[in-house]
Amino acid sequence: MASSATAQPGFTNSGIRKLSHRLRGGDEIAWLITLLFAASVLIVTALLIAELWYGSTAARDKFGFGFLTSKLWNPVTDEFGAAPFLYGTVVTSVVALLISVPVGLGAAIFLSELATGKWSDAITFVVELLAAVPSVIFGMLAVFTLIPMMREWIGPALKSVLGFLPIFQGPVYGVGYLTASLVLSVMTFPYIISVSREALMSVPREQREAALALGATKWESTWQIVVPFARLGIMGSIFLAFARALGETMAVTMVIGNDPSIHTSLFASGHSIAAVIASSFAEASGPIYPSALILLALVLFFLTLIINGVARLLILFTSEKGART
Amino acid sequence: MKRLILAGAMLTLAMAGVASAAQTINAAGATFPAVIYQKWFEEYKAKTGVQINYQPNGSSAGVKNLTEGTVDFGASDVPMTDAQIGAVKVKPLHFPTVLGAVVITYNVPGIATDLKLSGPTIADIYLGAITKWNDPKIAADNAGVKLPATDILVVRRADGSGTSGIYTDYLSKVSPTWKSKVGAGNSVSWPVGLGANGNAGVAGLVKQTPGAIGYVELVYAAQNNMAVADVKNANGKFVKPTFESLTAAAAAMTKEMPDDFRVSIANGPGDKTYPISSFTWLLIPSQIPDATKKKAITDFLTWMLADGQKEAQGLQYAPLPASVVAKEKKQIALIK
Amino acid sequence: MTARNLYRKGLNNLMLTLTGVCALLTVSVLFAILGYLIYNGGKSLDLNFFTKLPLSPGERGGGMANAIVGSAEIVGLAAIFGIPVGFFTGVYLAEWGGRTFSFLVRYMCDLLNGVPSIVIGIFVWVMVVRPMKTYSAVAGGIALSLMLIPIVAKSTEQFLSDVPSALREGALALGATKWRAIATVVVPAARKGIMTGMILGIARIAGESAPLLFTSLNNQFWASGLKEPTASLPLMIYFRALSPYHDWHRQAWAAGLVLLSMVLIANIAARLILSRGGSPNRG
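Chains as they are written, first to last, in this note's numbering: chain A, 4 to 328; chain B, 21 to 356; chain C, 4 to 286.
The hints are simulated quantities; they were obtained by calculation from the structure and are not laboratory data. Do not take every clue at face value.
[Claimed, not checked] Over the 10 Å line for every Cβ pair with chain B, so calculated as not near, a few chain C residues:
| # | residue |
| --- | --- |
| 1 | Asn16 |
| 2 | Arg102 |
| 3 | Lys157 |
| 4 | Leu263 |
[Stated by the list, open to error] In silico EDC-like pairs for lysine to aspartate or glutamate, Cα to Cα no more than 16 Å straight-line:
| # | chain 1 | residue 1 | chain 2 | residue 2 |
| --- | --- | --- | --- | --- |
| 5 | B | Lys157 | B | Asp171 |
| 6 | C | Lys46 | C | Asp250 |
| 7 | C | Lys12 | A | Glu223 |
| 8 | B | Lys347 | B | Asp280 |
| 9 | B | Lys199 | B | Asp144 |
| 10 | B | Lys257 | B | Asp161 |
| 11 | C | Lys181 | A | Glu31 |
| 12 | C | Lys136 | B | Glu88 |
| 13 | B | Lys227 | C | Asp250 |
| 14 | C | Lys181 | A | Asp30 |
| 15 | B | Lys59 | C | Glu62 |
| 16 | B | Lys349 | B | Asp280 |
| 17 | B | Lys260 | B | Asp291 |
| 18 | B | Lys252 | B | Asp161 |
| 19 | C | Lys136 | B | Asp310 |
| 20 | B | Lys350 | B | Asp280 |
| 21 | B | Lys109 | B | Glu88 |
| 22 | B | Lys292 | B | Glu264 |
| 23 | B | Lys152 | B | Asp171 |
Since the structure is predicted, the reported quantities are computational estimates derived from the model, not experimental observations. Just so it is clear, CB atoms sit at the ideal spot from N, CA and C, and this is done for glycine as well.
Chain A on its own, in the form it takes in the complex (with noise of 0.2 Å):
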């Protein structure tokens, strides 16, 4: 048993000693090797975060947080600011919750509430293979046959009615804000449907029959007892939809326009974060533009970051609160 004479701090000869001895089961191999994967994840996000954050440098040095409030683009004189990215990528995201909450939402009632439970599962499995369908065939359907639509009959339409508003002003091409919206809309009911139905259905049974048992109708069961109940995972799920929508890249660059400017009307063109980072990456070059972008999508990540962690919260509340009651 041989003591090295000068032990290097903390990493003493028995202290290898006992490693390799533990090593020596197989228990603790299969332990390290899962461990050092484990290991791996965290790390390679850990440099991703930090790739982003270091390649921003550049334009956070140059720009600071006034980035997010200038409305300027413009690569020949390097002027960069993030203002019409992020409108368009909320914009866009909000009207399609917008859209989709109170049909997603009328969608979850209908089957957490009146559909028996092999329909109900049945057409809940259906949604659900919506959240396959991968995004540019969601983009490809849209330049196909959204875009004629909204230039030919949707756009009139909401103008004859509401052209007075001012979002619905200016001219109809088909591309826009509002088309992106309406994909954007489409490819977030799965998530409001699985989720609002999973908290509807935890609510205890005992809730929907005090109300029935108290006079209410079956819709004011619903709509007073079982939807208050569950609200902390639905607004969970709106959340989720939304991180959904934010990040959102193939289907909206294909039918939002890339016009990096901000316009209230709907009909207009518009831009947002993943879109310009898709159209301009391969392509930005010097000491600003590159990393301009770079900032875009570390925005992007803390926006959805933010948003996905609200709606976990949101959920883990819901679960915990259904299994105290």
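Given the structure of chain A, go ahead and fit chains B and C onto it with the hints provided.
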């Protein structure tokens, strides 16, 4: 189940192995000449077995890829600036390949003849100063044509584009307002309009949107039977973009072809000249360490300057003038 | 019945019908998508599509043979990189796992899952493509594997945790070491769920296009190796759909049909496996 996965893995690896027989050279860049480049590379592969994989992702991307070293050579419709050349580790050589025309294509149902547009009018449309098809400035050049009162949808490139570079260079030459407000470049701050990716994207968007106007290389409009405008040249004549008017544009300028082949011929002199014409270049590194790649590339360049030029006319591009070809052959020898 | 009650009853019927309409709407969207793809894609599918290489713009008769094989290569690579990492991470989280470390790993997995796919593309371009000085199927595979890992890890952990401790304890009581117990008893017990997670994950990444934009790029020909730019179905759809050529639109429809069929079949198969087998402790 395990056997299935194993079989799948072996199949994938086998396919990867089988396909690795041919030698591949990777290139990327301009969409402007992509139609003829891809045809050339198909033919060249059939003839020699050398695969040159060309990805049309825009001139700016071509320059960036060349600078980063992620491709073997690049392609651009606008010559590299001194600063850009300085940023590349190995100095790139410019090889003009063909001449192309940037045409103004539009989608206005109900007009039978080709519209005549002058430089300042086009600039005003792209500045957002002219917003309807029946604007007096357009009507002034098109007497007798019934123009509808539809809004003009301006389409331009969303990606960094040499075609945009040629186009904005032309607009800067014909419109002082454009020059001071926007300027020339592959990516500019466009006052109006929506963006599409690639020449194909612009053509696609204009083709399916009534009221749209866009700028594309001639072949994209021609292959899709899209309407193309006659543009007023520096001598005051309205000229259709054709093989003849392109060749005239080249002929007017070749006396001044510099040694490094970097030149702009927009808005050149001559009655028959089509004003928005340009050379387009391959950007070849002056040193290629890999001997097989070097031979493949130099052989291709030699083929391109001889047989390749014959393909140009069929695809609405103009071949290089003989003097330029001779000069280029000497430049091939400079590749070490 | 009072007026108020009539109103309440009417409202009840109206709203409940509306919810049914909402459900119908969402279901019909999926069928509409399928319908369009089957009709337009079916018209355009021909032998050329599966056997020929893409031709230059304006020429007819090209196909997407290289994109089909390319996608298989890229997804295959992603599976080779991503499945082991995801699987073993899931095993660690379910079977070992100190409190803080596990929490960190789970949180990072969730984070990775939520990263927009275009951002992953940027990351892999910086870390793989730029140093390698080439676009490649390998880079594309790495990018997709980063999306696959959290999916596989999460489902593996979930299904392993669902295995009742009685099984584990039984194995240990019979003298098995911990890893033997896991390998020979626990994992097989959860294998249906784990496999489902893997299949669903692969189906999900097979349809991704954004991460491939800056990693595997594209290729008109057969890629002469895994370290060369490689064609892929999703990106071909993207490029072809936005072009002006009618022939290329047809090819985009055909590719869309092929891609969607593969993804849907994988999804349906996975869920069928899960619902038929089921975990032992599920009702």
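Which hints, by number, does the structure contradict? none
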